[in-house]
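Participant: Make the full structure from the sequences, and use the hints.
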Amino acid sequence: MAGITERQEVTDIQEVVWAPVAKKFPPLGPIARKLERPEILGYLLVAPALMTLLVFLGYPFIQALWLTMLDKWVAEEGTFIGLGNYIALLDRSVYRWTVINSLIFTFFSVVAKIILGMTGALVLNQSFKMKNFYRGFVLLPWIIPSVLSALVWLWMYDANFGVISRVLLSIGIIDENILWLNSWGSALTSIIIVNVWRGTPFFIVSLLAALQVVPKEQYEAAEIDGANSWSQFLHVTLPNIKHVLIIITLFGTIWTMSDFNIIYVLTGGGPADSTHVFSTLAFQTAFRIGKMGEGIAVSFTMFPILFVIIFARLHRMRKES
Amino acid sequence: MSASLPVGSAGPARWNITITQRNKLHKIFYLYVPLTFFMCFALFPFVWMGISSFMPDEYMYDADIPPWAFDELTLEHYVDLLFETEFLYWVWNSLFIGITATAISVTFGALAGYSLARLRFPGASSLGMGIIVTYLVPVSVLFLPLAYVFFKWGLGDSRLALILAYPTHLIPFSTWFMLGYFKNIPAALEESAMIDGCTRLQSLWHVTLPLALPGVLAASIFSFTFSWNEFIYALTFISDDELKTIPVGVHGLTVVGDVYFWGRLMAASLMGSLPIAIIYAFLSEYFVKGLSEGALKQ
Amino acid sequence: MKRFAAFVLGVVFLSMLFVVPAIAATVKVTMRTLPATAGQKFLKKAVKRFKKKTGIKIKLELVSSGVVRRRLITAAETKAGSDIIIAQFNGAVTIANALEDVDDIVEPYAKKYGVLPLFKDAGFIKGHWKAVPFVNISQLITYRKDILKKIGENPPDTWEDALRVGKKLKAAGLPPWAEALGSHPIDPSSTVLNILWGYGSRQVSPDGKKITIDSAETRAGLKFIKKAFNEAWPKAVLQWTAVENNQTFIAGKISMTTNSPSIAWKANSKKKWAKLASNTGLAPIPRGPSGRHSTTIPLSWVLFKHSKVKKEAKEFLKFMMEPEQQVGYSAGAWMAVPAFIEMAKDLPDAPHYRAMAEQAKFSHMPGWPGPASRAGVETHERFVLLNMAQRYVQGEDLDTTIKKTVKELRRIYGVN
Chain A
148 MAGITERQEV TDIQEVVWAP VAKKFPPLGP IARKLERPEI LGYLLVAPAL MTLLVFLGYP
208 FIQALWLTML DKWVAEEGTF IGLGNYIALL DRSVYRWTVI NSLIFTFFSV VAKIILGMTG
268 ALVLNQSFKM KNFYRGFVLL PWIIPSVLSA LVWLWMYDAN FGVISRVLLS IGIIDENILW
328 LNSWGSALTS IIIVNVWRGT PFFIVSLLAA LQVVPKEQYE AAEIDGANSW SQFLHVTLPN
388 IKHVLIIITL FGTIWTMSDF NIIYVLTGGG PADSTHVFST LAFQTAFRIG KMGEGIAVSF
448 TMFPILFVII FARLHRMRKE S
Chain B
51 MSASLPVGSA GPARWNITIT QRNKLHKIFY LYVPLTFFMC FALFPFVWMG ISSFMPDEYM
111 YDADIPPWAF DELTLEHYVD LLFETEFLYW VWNSLFIGIT ATAISVTFGA LAGYSLARLR
171 FPGASSLGMG IIVTYLVPVS VLFLPLAYVF FKWGLGDSRL ALILAYPTHL IPFSTWFMLG
231 YFKNIPAALE ESAMIDGCTR LQSLWHVTLP LALPGVLAAS IFSFTFSWNE FIYALTFISD
291 DELKTIPVGV HGLTVVGDVY FWGRLMAASL MGSLPIAIIY AFLSEYFVKG LSEGALKQ
Chain C
123 MKRFAAFVLG VVFLSMLFVV PAIAATVKVT MRTLPATAGQ KFLKKAVKRF KKKTGIKIKL
183 ELVSSGVVRR RLITAAETKA GSDIIIAQFN GAVTIANALE DVDDIVEPYA KKYGVLPLFK
243 DAGFIKGHWK AVPFVNISQL ITYRKDILKK IGENPPDTWE DALRVGKKLK AAGLPPWAEA
303 LGSHPIDPSS TVLNILWGYG SRQVSPDGKK ITIDSAETRA GLKFIKKAFN EAWPKAVLQW
363 TAVENNQTFI AGKISMTTNS PSIAWKANSK KKWAKLASNT GLAPIPRGPS GRHSTTIPLS
423 WVLFKHSKVK KEAKEFLKFM MEPEQQVGYS AGAWMAVPAF IEMAKDLPDA PHYRAMAEQA
483 KFSHMPGWPG PASRAGVETH ERFVLLNMAQ RYVQGEDLDT TIKKTVKELR RIYGVN
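Chains as they are written, first to last, in my numbering: chain A, 148 to 468; chain B, 51 to 348; chain C, 123 to 538.
By construction, these hints were calculated from the structure, which means they are not laboratory data. Given the structure is predicted, the values throughout are model-derived calculations rather than measurements. Virtual Cβ for every residue (Gly too), placed ideally from N, Cα, C. Any given hint might turn out to be false.
[Said to hold, decoys possible] Below are the DSS-like pairs computed for lysine-lysine, each with C-alpha atoms no more than 30 Å apart in a straight line:
#, chain 1, residue 1, chain 2, residue 2
1, B, LYS233, A, LYS389
2, C, LYS436, B, LYS202
3, C, LYS348, C, LYS375
4, C, LYS529, C, LYS349
5, B, LYS74, A, LYS278
6, C, LYS483, C, LYS467
7, B, LYS202, C, LYS248
8, B, LYS74, A, LYS363
9, C, LYS433, B, LYS202
10, C, LYS175, C, LYS233
11, B, LYS202, C, LYS427
12, C, LYS348, C, LYS483
13, C, LYS267, C, LYS345
14, B, LYS339, A, LYS466
[Unchecked claim] Here are some, though not all, of the chain A residues that point toward chain C, as calculated from beta-carbon distances under 8 Å:
#, residue
15, TRP220
16, GLU223
17, PHE227
18, GLY229
19, ALA306
20, ASN307
21, ASN324
22, LEU326
23, ASN329
24, GLY417
25, PRO418
26, ILE436
Facilitator: In structure tokens, the structure reads:
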């Protein structure tokens with residue numbers, strides 16, 4: 148059955164697309180014929196992309212690896228110290244704290260995004276008036292430049308005039324302004340809120356798309372067997388969207404751990420270096436202190452962690468399929 | 051059809067209410083309440099952004115009055131923004147860099163994606179894997195290495211630096227995306243075209259590309275959005291006020307002297323978000339498609 | 123037709139990519155903004171006068187203070203960008219390798235007019251002048267004359283006085299004394315350094331070879347900070363960087379704070395704050411048992427070795443050191459005093475100028491009393507002493523926090 152439909156489809160499109168162009172082609176010259184060979188053409192077409200990546204990504208990467216092995220201050224030639232930067236970093240409490248902080252921040256943000264994303268997707272999966280309209284609006288936080296929305300949140304978190312405090316004060320729920328960015332705990336929570344606000348739409352939309360291809364028969368079968376909503380969710384919904392859920396969790400984890408914009412805008416790593424993540428610490432080390440080698444080394448220490456996450460996930464996925 | 055939260059019509063009635071009333075309660079509890087929550091959570095910052103941008107300073111910086119108690123609006127922040135800062139330069143830079151980087155990335159990515167989807171040649175699959183794995187490496191890990199090399203090549207403080215840097219992140223994505231897209235277009239079409247005498251490239255141009263246009267559009271929207279929103283590369287590479295992109299320029303407006311200019315900042319945030327919001331409003335289908343296809347394809 | 127249009131568009135696009143910067147013999151100068159726009163206006167006019175006088179074109183770029191450090195480092199590293207950039211504090215020290223010697227232009231002025239010692243700390247590195255002194259922005263106590271009168275107090279002379287005033291304000295429910303304690307190199311660092319130095323704490327020996335932070339004086343200073351935090355300051359100060367004390371003072375929510383005179387300037391700048399302005403007073407930083415010490419924000423020009431217009435740039439720097447520019451900019455910026463001592467007497471007769479000029483005599487650079495070095499700058503940029511105070515205030519044990527600081531300082535100075 149599938150075969151017949153396909154062939155028919157092919158002919159239809161062929162007639163529509165191909166007909167006007169069918170007549171125009173002169174015979175091939177020698178160069179063109181050479182180009183036709185898959186080996187040559189294949190490389191040729193991949194070449195621009197590959198070249199760009201090699202020159203503007205591969206080479207800088209190698210250069211940077213070299214730089215991390217230098218004790219290099221700004222405006223001077225560095226001296227080779229091998230793994231000295233890395234060893235020194237492990238000894239620095241700021242760095243160790245940055246690692247812990249990044250992990251805590253990533254974990255809670257991603258978990259929150261999964262939960263809110265799943266809930267949002269379930270809610271939006273129902274049929275109701277103007278559904279597309281709402282679905283459109285829910286994506287807004289994700290597409291707006293994160294620096295600009297982080298600035299809005301910074302304004303909302305302002306210790307004196309932040310709107311959340313002002314509203315709660317006016318209603319009488321609290322007596323004094325909430326100090327959002329005062330200490331590690333509150334600052335990290337505030338950052339997580341913004342990160343979750345920004346990242347949840349991606350989860351919602353992806354999960355929503357996944358929900359929409361779950362076969363309805365399975366739900367009907369489960370219902371006949373007497374399963375309630377929660378049980379249906381566990382045994383029908385989840386297994387079907389597991390694949391997508393894992394992929395977007397992977398992406399979410401990578402993106403969250405490497406977040407720069409939100410943290411840079413809200414706290415710049417403070418107070419007292421307590422909310423640094425890898426990227427902000429690297430930036431500060433290179434561009435405020437002036438130690439270029441050490442700064443790049445901080446960035447590079449993210450790779451092992453990234454690899455572990457990516458390959459662990461991919462390995463499990465390959466095992467399951 | 052609410053596939054995930056079925057209203058258990060087969061179950062026993064637990065309260066003395068009719069089925070319609072029960073459905074209505076269900077709807078309120080499972081739909082309207084969470085929907086309201088999500089909408090408020092998602093949109094409140096934008097609402098406040100808009101309000102603040104029109105609020106006169108006296109009301110904005112008076113902590114004693116509730117934030118809704120203002121009775122005059124002002125355009126001074128917008129005027130200030132447009133005429134006393136380089137905001138318009140930033141808009142132009144963002145547009146220019148965004149369009150150029152997108153054009154380069156999607157073109158190269160489409161070519162590479164097509165090649166990997168259709169052509170067999172040695173090393174194809176590892177090349178493909180290599181290019182795509184690059185996408186997983188976050189931008190904020192690479193910004194210092196790139197900065198160092200670009201500075202050495204004399205590209206510091208230029209738009210060219212960004213135009214060359216953004217494709218390093220966008221090409222892997224475009225390649226991956228177009229690869230998946232091309233795979234969904236039956237190869238038979240091109241083959242019948244080639245039987246009729248045209249070259250592969252010609253068939254790509256005349257047959258495949260027109261069909262792949264929605265995918266190209268989706269990849270372009272995604273790429274442009276990335277360029278428009280990108281911050282850390284732009285922050286690192288560009289210092290000259292007239293060459294900045296919107297995120298960097300606006301962030302630089304945060305503190306002047308010893309004070310914040312919140313009204314101006316909110317106006318800038320609003321205006322900086324508007325183009326993307328407009329693109330999205332008209333092309334949201336493609337956007338969502340790109341999003342979910344990017345996530346769902348492996 | 124379509125092809126031609128595409129071709130033209132392509133050419134236009136490509137040409138924009140390679141827009142060549144302005145013609146030679148233009149000196150690119152990057153300067154920070156100050157709240158008083160009159161300062162910026164003066165600079166722009168001065169640049170025009172300079173062009174008329176010498177024919178040299180200056181491209182003046184004004185940036186916010188938070189960006190200055192990054193600009194300095196980027197320019198030094200890329201060997202490109204501006205020819206002259208303003209340096210704050212002793213920022214020149216970190217990039218000294220990339221800077222041109224300017225002894226030939228600074229020495230004559232220093233000899234004739236006398237230069238404030240703090241500028242030597244900021245710009246005289248390894249036997250050479252690497253930064254041209256410009257103006258100094260002193261930190262002062264900004265206070266509400268009317269509120270202090272209400273509780274029968276004068277502006278505090280010692281830190282203990284300040285604490286007494288602060289406690290009285292808090293008890294009376296009046297707007298309190300508040301000092302910024304967030305993570306920022308300007309106001310919060312000032313808070314901590316002013317107090318610690320006043321109590322005799324010294325982070326390193328004058329030869330830079332011994333870490334001396336672990337001392338009874340440091341403990342006394344830290345204890346004072348914690349006491350002030352608990353008994354006088356609002357808890358919010360831990361979130362304050364450089365703007366919150368301004369905002370709250372103008373809003374009438376605090377009565378006293380350390381700041382550069384930007385608050386006083388702002389109060390004087392708008393009619394609606396006229397009453398506040400007349401009630402705003404400026405006083406010297408209080409002294410502690412070890413004397414009166416304070417931080418300050420000196421601004422010095424640095425000239426990069428990579429500059430292609432060094433001769434012209436030096437002409438500009440000589441021009442900026444002349445009394446007309448020093449005094450004129452100070453007057454326009456309102457909250458600055460010239461770097462050269464003798465020139466200060468030409469300032470407009472106003473109490474805040476006198477206070478600033480006086481305060482400059484007690485001012486030091488971060489890293490004091492150690493020598494001008496990258497280590498000193500690094501302790502400032504890494505907020506080492508500020509973090510120490512923040513941790514202690516938030517409950518960490520005193521010995522632990524000092525030990526951590528000692529370890530950090532040892533690493534930074536590379537000594538034991």
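Participant: Now look at each hint and say whether the structure bears it out.
Facilitator: Checked hints:
For a cut-off of 30 Å, the pair hint linking LYS233/B to LYS389/A stands: about 23 Å separates their Cα positions. A hinted pair counts as satisfied when its Cα atoms are at most 30 Å apart, and LYS436/C with LYS202/B qualifies at roughly 26 Å. Our distance criterion of 30 Å between C-alpha atoms is met by LYS348/C and LYS375/C, whose separation comes to about 21 Å. Between LYS529/C and LYS349/C the CA atoms are separated by roughly 25 Å; this keeps the pair inside 30 Å, and the hint holds.
At roughly 17 Å between alpha-carbon atoms, LYS74/B and LYS278/A fall within 30 Å of each other, so this suggested pair holds. For the given pair, LYS483/C sits about 15 Å from LYS467/C by alpha-carbon distance, which is consistent with the 30 Å threshold. Taken as a hint, the LYS202/B and LYS248/C pair is honoured in the structure, with Cα atoms around 28 Å apart against an allowance of 30 Å. A C-alpha spacing of about 23 Å is found between LYS74/B and LYS363/A, which places the hinted pair at or below 30 Å, so the restraint holds.
Taking the CA atoms of LYS433/C and LYS202/B, the gap is near 25 Å; set against the 30 Å cutoff, the hint holds. Proposed proximity of LYS175/C and LYS233/C is supported: the alpha carbons are some 25 Å apart, at most 30 Å. With a C-alpha separation of about 16 Å, the suggested pair LYS202/B and LYS427/C falls inside the 30 Å cut-off, and the hint holds. Between LYS348/C and LYS483/C, the direct Cα distance comes to roughly 28 Å. Compliance with the 30 Å bound is thereby established for this hinted pair.
At roughly 28 Å between alpha-carbon atoms, LYS267/C and LYS345/C fall within 30 Å of each other, so this suggested pair holds. Proximity of LYS339/B to LYS466/A is assessed by CA-CA distance (about 28 Å); at most 30 Å being required, the pair is judged to hold. The beta carbon of TRP220/A comes within 7 Å of a beta carbon in chain C, closer than 8 Å, and the hint placing it at the interface holds. With a least beta-carbon distance of about 5 Å to chain C, the hint placing GLU223/A at the interface is held under the 8 Å criterion.
Look at PHE227/A: its Cβ only gets to about 18 Å from chain C, farther than 8 Å, so that hint breaks. The interface hint given for GLY229/A is broken, as the beta carbon of that residue sits about 18 Å from the closest beta carbon of chain C, more than 8 Å. With its C-beta approaching chain C no nearer than about 5 Å, ALA306/A sits inside the 8 Å limit, and its interface hint holds. Checking ASN307/A against chain C: minimum C-beta separation of about 6 Å stays under 8 Å; hint holds.
Contact between ASN324/A and chain C, as hinted, is supported at the beta carbon level, the nearest pair being about 7 Å apart and thus within 8 Å. Because the beta carbon of LEU326/A sits about 5 Å from the nearest beta carbon in chain C, less than 8 Å, this interface hint is met. Checking ASN329/A against chain C by beta carbon gives a least distance of about 4 Å; that is within 8 Å, so the hint holds. Satisfaction of the interface hint for GLY417/A is found here, the shortest Cβ-Cβ separation to chain C being roughly 3 Å, below the 8 Å cut-off.
Contact between PRO418/A and chain C, as hinted, is supported at the beta carbon level, the nearest pair being about 5 Å apart and thus within 8 Å. With its C-beta approaching chain C no nearer than about 5 Å, ILE436/A sits inside the 8 Å limit, and its interface hint holds.
Consistency with the previously given hints fails for numbers 17, 18, ordered from lowest to highest.
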